[in-house]
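Enquirer: Letter by letter, the chains look like this.
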Amino acid sequence: MRVTQNMLFNNIHRRVSNSNVEISKYQDQTITGKRYQMPSGDSLNATRALGLKTKQANDIQYGKNVDSGISYMTTVETTMSSVVEILTEAKTVSIHGVNAATAPEDRKILAAKVDQLLAQLYSLANTRNESGEYIFSGFKTSTMPFDPTDTTYTYAGDTSNIQREVSPGTKLTVNFAGSQVFGDGITSAFAVLQGLSDSLNASNPTTDTPATSGDITGGVAIADLNITTGVNDTLNLSVDGVGGSITIAQALPYGSAALLATEIQTKINAIPAYVAGGISVTVTENAGVLTITSNSTGITSTVNTIGGNAATNLGLNTGVGVSTPGADEQISIMTRMGEVDTALTRAIEYHATIGARMASFDDWKSRLADTDITTASLISQAEDVDMTEAIMNLSRTQTAYQAILMSSANVMQMSLMDFLR
Amino acid sequence: MAYTNILGMMESGKRALQAQQIATQVTGHNISNVNTPGYSRQEAIFETTHAVDLFAVGQLGTGVRIDSVRRIHDQFLEAAVLKNMSKSANFNTTFDYYSRIEGIFNESTTTTGISNALTEFWNSWQNLANNTGGTAERIDVREKANALVSRINRVRSDLVDLQADAESRISPFVDKINDLGSQIADINEEIRNSTIVGDNPNDLMDKRDTLVAELSQYAGVETVNRGYYIDVKIDGNYLVYGTTHNEVEAYTNTANNDFTDLRWKATGVGITLDSGELYATMNARDTVIPQYMSGLDTFAQELVRNVNSLHVNGLGLTGYSSLTSDNAVSNPANALNASALAFTPVDGSFTINVTDNLGNTVPTVINITAGVDTLNSLATAIDAIADISASVVNNRLVITAAANRTFSFSGDTSNTLLALGLNTFFSGSTAADIAVNSVIAADTNKIAAAQSFSPGDNTNALAIAALTNQSIAALGNKSIGNYYNAQIGTLGAEAERARKDGDLYTSISISLKNQKESISGVSLDEEMVNLQRFQRAYEGAAKYIITVDEMIQTVLTLKS
Numbered sequence: 001m002r003v004t005q006n007m008l009f010n011n012i013h014r015r016v017s018n019s020n021v022e023i024s025k026y027q028d029q030t031i032t033g034k035r036y037q038m039p040s041g042d043s044l045n046a047t048r049a050l051g052l053k054t055k056q057a058n059d060i061q062y063g064k065n066v067d068s069g070i071s072y073m074t075t076v077e078t079t080m081s082s083v084v085e086i087l088t089e090a091k092t093v094s095i096h097g098v099n100a101a102t103a104p105e106d107r108k109i110l111a112a113k114v115d116q117l118l119a120q121l122y123s124l125a126n127t128r129n130e131s132g133e134y135i136f137s138g139f140k141t142s143t144m145p146f147d148p149t150d151t152t153y154t155y156a157g158d159t160s161n162i163q164r165e166v167s168p169g170t171k172l173t174v175n176f177a178g179s180q181v182f183g184d185g186i187t188s189a190f191a192v193l194q195g196l197s198d199s200l201n202a203s204n205p206t207t208d209t210p211a212t213s214g215d216i217t218g219g220v221a222i223a224d225l226n227i228t229t230g231v232n233d234t235l236n237l238s239v240d241g242v243g244g245s246i247t248i249a250q251a252l253p254y255g256s257a258a259l260l261a262t263e264i265q266t267k268i269n270a271i272p273a274y275v276a277g278g279i280s281v282t283v284t285e286n287a288g289v290l291t292i293t294s295n296s297t298g299i300t301s302t303v304n305t306i307g308g309n310a311a312t313n314l315g316l317n318t319g320v321g322v323s324t325p326g327a328d329e330q331i332s333i334m335t336r337m338g339e340v341d342t343a344l345t346r347a348i349e350y351h352a353t354i355g356a357r358m359a360s361f362d363d364w365k366s367r368l369a370d371t372d373i374t375t376a377s378l379i380s381q382a383e384d385v386d387m388t389e390a391i392m393n394l395s396r397t398q399t400a401y402q403a404i405l406m407s408s409a410n411v412m413q414m415s416l417m418d419f420l421r
Numbered sequence: 001m002a003y004t005n006i007l008g009m010m011e012s013g014k015r016a017l018q019a020q021q022i023a024t025q026v027t028g029h030n031i032s033n034v035n036t037p038g039y040s041r042q043e044a045i046f047e048t049t050h051a052v053d054l055f056a057v058g059q060l061g062t063g064v065r066i067d068s069v070r071r072i073h074d075q076f077l078e079a080a081v082l083k084n085m086s087k088s089a090n091f092n093t094t095f096d097y098y099s100r101i102e103g104i105f106n107e108s109t110t111t112t113g114i115s116n117a118l119t120e121f122w123n124s125w126q127n128l129a130n131n132t133g134g135t136a137e138r139i140d141v142r143e144k145a146n147a148l149v150s151r152i153n154r155v156r157s158d159l160v161d162l163q164a165d166a167e168s169r170i171s172p173f174v175d176k177i178n179d180l181g182s183q184i185a186d187i188n189e190e191i192r193n194s195t196i197v198g199d200n201p202n203d204l205m206d207k208r209d210t211l212v213a214e215l216s217q218y219a220g221v222e223t224v225n226r227g228y229y230i231d232v233k234i235d236g237n238y239l240v241y242g243t244t245h246n247e248v249e250a251y252t253n254t255a256n257n258d259f260t261d262l263r264w265k266a267t268g269v270g271i272t273l274d275s276g277e278l279y280a281t282m283n284a285r286d287t288v289i290p291q292y293m294s295g296l297d298t299f300a301q302e303l304v305r306n307v308n309s310l311h312v313n314g315l316g317l318t319g320y321s322s323l324t325s326d327n328a329v330s331n332p333a334n335a336l337n338a339s340a341l342a343f344t345p346v347d348g349s350f351t352i353n354v355t356d357n358l359g360n361t362v363p364t365v366i367n368i369t370a371g372v373d374t375l376n377s378l379a380t381a382i383d384a385i386a387d388i389s390a391s392v393v394n395n396r397l398v399i400t401a402a403a404n405r406t407f408s409f410s411g412d413t414s415n416t417l418l419a420l421g422l423n424t425f426f427s428g429s430t431a432a433d434i435a436v437n438s439v440i441a442a443d444t445n446k447i448a449a450a451q452s453f454s455p456g457d458n459t460n461a462l463a464i465a466a467l468t469n470q471s472i473a474a475l476g477n478k479s480i481g482n483y484y485n486a487q488i489g490t491l492g493a494e495a496e497r498a499r500k501d502g503d504l505y506t507s508i509s510i511s512l513k514n515q516k517e518s519i520s521g522v523s524l525d526e527e528m529v530n531l532q533r534f535q536r537a538y539e540g541a542a543k544y545i546i547t548v549d550e551m552i553q554t555v556l557t558l559k560s
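Respectively, the protein sequence lines represent chains A and B.
Letter 28 of the first sequence, counting from 1, is numbered 28 in the working numbering, and no numbers are missing.
Letter 351 of the second sequence, counting from 1, is numbered 351 in the working numbering, and no numbers are missing.
Hint data in this document are derived by calculation from the structure and do not stem from the laboratory.
This structure is a prediction, so every number in the text was calculated from the model and none was measured.
Please note that a few of the clues may not be correct.
[What the hints assert, rightly or not] Cβ-Cβ distance ranges computed for the label pairs, FRET-style:
no., chain 1, residue 1, chain 2, residue 2, range
1, A, 20, B, 112, 25 to 35 Å
2, B, 53, A, 3, 38 to 48 Å
3, B, 251, A, 398, 15 to 25 Å
4, B, 443, A, 131, 48 to 58 Å
5, A, 398, B, 255, 14 to 24 Å
6, B, 381, A, 278, 51 to 61 Å
7, B, 490, A, 27, 22 to 32 Å
8, B, 53, A, 417, 37 to 47 Å
9, A, 148, B, 136, 27 to 37 Å
10, A, 417, B, 549, 51 to 61 Å
11, B, 402, A, 148, 35 to 45 Å
[What the hints assert, rightly or not] Output of the computed footprint for chain A on chain B, the stretches with three or more beta carbons under 8 Å from beta carbons of chain A:
no., segment
12, 99-107
13, 430-441
14, 460-470
15, 484-491
16, 508-516
17, 522-536
[Stated by the list, open to error] A few chain B residues that face chain A, going by a derived Cβ cut-off under 7 Å, partial list only:
no., residue
18, 133
19, 135
20, 454
Beta carbons: idealized from backbone N, C-alpha and C, even for Gly.
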């Protein structure tokens with residue numbers, strides 16, 4: 001092949017320029033630590049790295065969600081452990097109270113103690129987190145879940161789950177509704193503590209006075225009873241939440257109101273559902289007025305005369321007769337102790353649940369940390385340069401560049417003109 | 001002529017001197033043009049002059065003459081060089097555009113691209129879900145959304161600028177092509193004229209080759225050697241035919257977005273190129289850039305559709321006391337699905353909830369039959385609801401609540417809220433006009449993190465954040481982020497391919513140029529040797545003349 005000087009010069013020019021391109025590439029690599037600067041440098045790995053970085057950023061966010069969940073649950077957990085302590089203490093108090101050796105004046109001191117515990121329990125139930133949100137109100141974070149002035153102990157929040165997304169599609173709940181932890185209404189821990197305090201204050205705290213159906217007024221004199229079979233002989237009622245129905249026989253000679261009372265009591269206590277549920281009533285008569293009383297000994301005992309046409313004739317009011325513990329209707333400390341225990345068990349259960357949930361969040365946290373390491377190393381594989389290799393490449397190209405320059409300098413000097421004189 | 005004489009010998013000596021002189025001059029011309037682009041080295045062709053017949057001796061030579069000055073040139077190689085040149089120009093220009101597009105998207109190893117902004121946007125919803133009451137979290141959602149849309153807007157407008165830049169290059173290219181075409185036609189004529197009178201217009205041929213080479217960089221050409229002429233074809237038609245130049249015209253093509261396209265001025269027939277810088281520029285303008293524009297638009301549209309579809313059914317911390325729909329209909333008397341809205345309503349319903357200052361909420365279901373209901377009828381239906389009024393102002397729906405009342409929306413199955421832009425997060429529907437809804441921009445309490453008025457409700461924020469992993473049917477079952485990343489992957493792969501093709505054709509070009517240089521290039525060493533050779537020959541011829549002269553003198557001495 002014929003080689004001209006211009007070819008030589010062109011080649012030198014091209015090689016020097018190629019060499020410069022290489023040097024600049026390896027220099028970029030050593031400076032940035034990345035194999036390529038733009039996706040076209042290595043589109044396959046660049047696309048991979050882009051996807052991995054999205055995943056990494058997502059995982060970091062999931063990590064933040066987990067942290068946020070843990071921080072939320074730490075408040076819940078701390079509160080729950082205090083709740084458990086308070087109810088445990090209430091239980092201890094009730095044990096002291098139930099002891100026959102405890103003097104009535106000591107019981108009053110214990111009652112004051114329970115009042116104090118109740119106040120603390122309210123403050124715990126109404127705990128707010130660092131953002132000023134009530135933690136036991138569900139989504140209604142600005143609503144106080146249990147108002148201490150509310151004598152019905154009604155839960156004011158909702159039962160929504162506050163959740164944190166810890167991985168795509170996996171949402172974990174971080175809160176408990178107040179109604180779950182403390183109960184709602186007359187069965188709530190507040191009602192129980194109030195009841196314990198009342199029982200301790202009561203004059204005869206060791207006997208139960210069961211609930212009654214409430215006042216039954218406007219009694220009709222027995223003589224005026226006009227019961228016709230199949231027309232107005234039915235009495236519907238509900239005792240302790242269980243419905244039942246009896247028929248009053250027309251033919252029976254009700255010589256006295258007391259006989260009628262006995263008849264009704266027998267019939268109610270014979271209702272199969274009541275026999276099965278251990279439910280029974282006592283029916284008394286006083287100057288022609290009937291009173292139906294549940295024999296249950298809890299504060300939950302109710303009698304509800306739903307109606308039926310006989311009810312009107314008997315002068316029984318329709319409506320709920322809920323026992324309200326008070327001076328006259330007492331529930332024994334022993335019963336109260338059982339109720340406190342139920343509330344305590346419930347609190348312990350949720351305390352354990354929150355512990356388990358936190359452990360699961362910790363699991364997610366370490367799993368995310370592991371994934372993060374994997375993702376980071378995959379990103380590194382996709383875009384990071386092997387520094388040793390980059391530096392070696394850089395010095396190799398530099399050497400090559402020097403060789404090109406040196407040989408070029410020699411070649412360029414050569415000319416036949418130097419020899420022709 | 002059967003004799004020779006001494007004066008004839010003198011004549012052949014003179015011829016030898018002349019021939020060596022011409023050869024030396026050609027060498028000098030070569031040396032002078034060693035760096036002239038497109039120059040092909042020339043060679044003086046020596047030829048013996050006619051011999052004389054000498055009786056009993058045979059033929060007797062009468063010396064030398066220069067037959068011609070030959071241009072050393074390989075026309076087939078030249079054609080290969082041209083072809084490669086247009087391909088190499090094509091791919092290198094294409095790569096230029098790809099790398100500019102890459103620069104615009106800027107999805108490098110840093111965090112300056114849309115991809116990163118999108119991830120941060122989703123994550124801001126997670127942070128809001130973690131603390132729905134937090135003002136900082138709400139502002140963060142708004143700001144991350146602003147950062148995202150401004151990046152999308154910027155990329156889109158930069159792509160438009162790049163397209164306009166490509167467009168602005170077309171006309172100058174066409175001028176250049178016409179200029180070259182007319183020059184080639186002129187040179188064709190000059191070559192013909194001088195060839196007819198017996199000249200060897202070597203330098204003109206070189207010049208013509210240079211012009212054709214320059215032309216082939218701009219557009220792929222086909223050359224036809226026809227006698228004196230080189231004819232040049234573009235897209236199968238003659239740009240240059242002999243001494244005629246057919247002009248290429250740049251015209252505004254209404255069928256192609258009013259861009260400049262090419263046609264033959266004389267016939268009006270359109271020209272489709274297949275390689276060269278001009279082709280690459282037009283291809284970038286018509287295919288490459290629009291591809292990424294439409295990809296970005298689809299991405300933006302699905303982002304708006306999916307975020308808004310969830311947002312319209314959510315609730316902010318406060319309801320609206322008055323609200324104007326974001327998107328105007330073309331005519332409030334037209335059916336909603338024929339109102340030129342970016343998102344089309346379908347049959348379905350949505351609920352308007354009117355809440356008084358005590359927190360009591362009255363829901364009213366509005367049924368939508370998309371092909372029947374109009375904006376006017378919708379306004380009438382909403383107006384009929386107690387404690388709110390609705391009207392159509394400037395083709396937009398305006399809903400206003402009575403005193404101490406607010407309203408909110410839920411359960412939209414008809415896309416009406418999305419289409420009209422009521423309680424949306426984003427406004428707009430393309431990469432060019434996507435923005436954070438002005439209502440949200442003004443009041444971050446309107447960001448719908450909840451699906452109830454409870455301040456701790458984070459269900460909607462979680463639902464929107466979950467879009468990050470949700471596959472979207474309209475995006476080929478990719479998530480919004482993955483769809484975008486796939487676009488970048490395609491861009492990278494195509495740019496990489498264009499670069500590698502460019503490198504390949506560049507190296508082929510270099511090798512062809514070297515081959516051409518090897519044949520046509522001037523070698524100084526060679527010329528030096530030739531110079532020496534011709535000088536020695538010249539010296540020899542001079543010596544011969546002196547010898548002949550001495551012989552003549554000898555003859556003249558005989559006489560005296």
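Enquirer: Would you mind marking each hint as holding or not holding in the structure?
Expert: Status of the hints after comparison with the structure:
no., hint, result
1, 20(A) with 112(B): 25 to 35 Å, "27 Å, holds"
2, 53(B) with 3(A): 38 to 48 Å, "46 Å, holds"
3, 251(B) with 398(A): 15 to 25 Å, "54 Å, violated"
4, 443(B) with 131(A): 48 to 58 Å, "20 Å, violated"
5, 398(A) with 255(B): 14 to 24 Å, "55 Å, violated"
6, 381(B) with 278(A): 51 to 61 Å, "59 Å, holds"
7, 490(B) with 27(A): 22 to 32 Å, "29 Å, holds"
8, 53(B) with 417(A): 37 to 47 Å, "46 Å, holds"
9, 148(A) with 136(B): 27 to 37 Å, "32 Å, holds"
10, 417(A) with 549(B): 51 to 61 Å, "34 Å, violated"
11, 402(B) with 148(A): 35 to 45 Å, "37 Å, holds"
12, 99-107, "holds (count 4)"
13, 430-441, "violated (count 0)"
14, 460-470, "holds (count 5)"
15, 484-491, "holds (count 5)"
16, 508-516, "holds (count 3)"
17, 522-536, "holds (count 8)"
18, 133, "6 Å, holds"
19, 135, "10 Å, violated"
20, 454, "3 Å, holds"
Against the hints set out earlier in the document, violations occur for numbers 3, 4, 5, 10, 13, 19.
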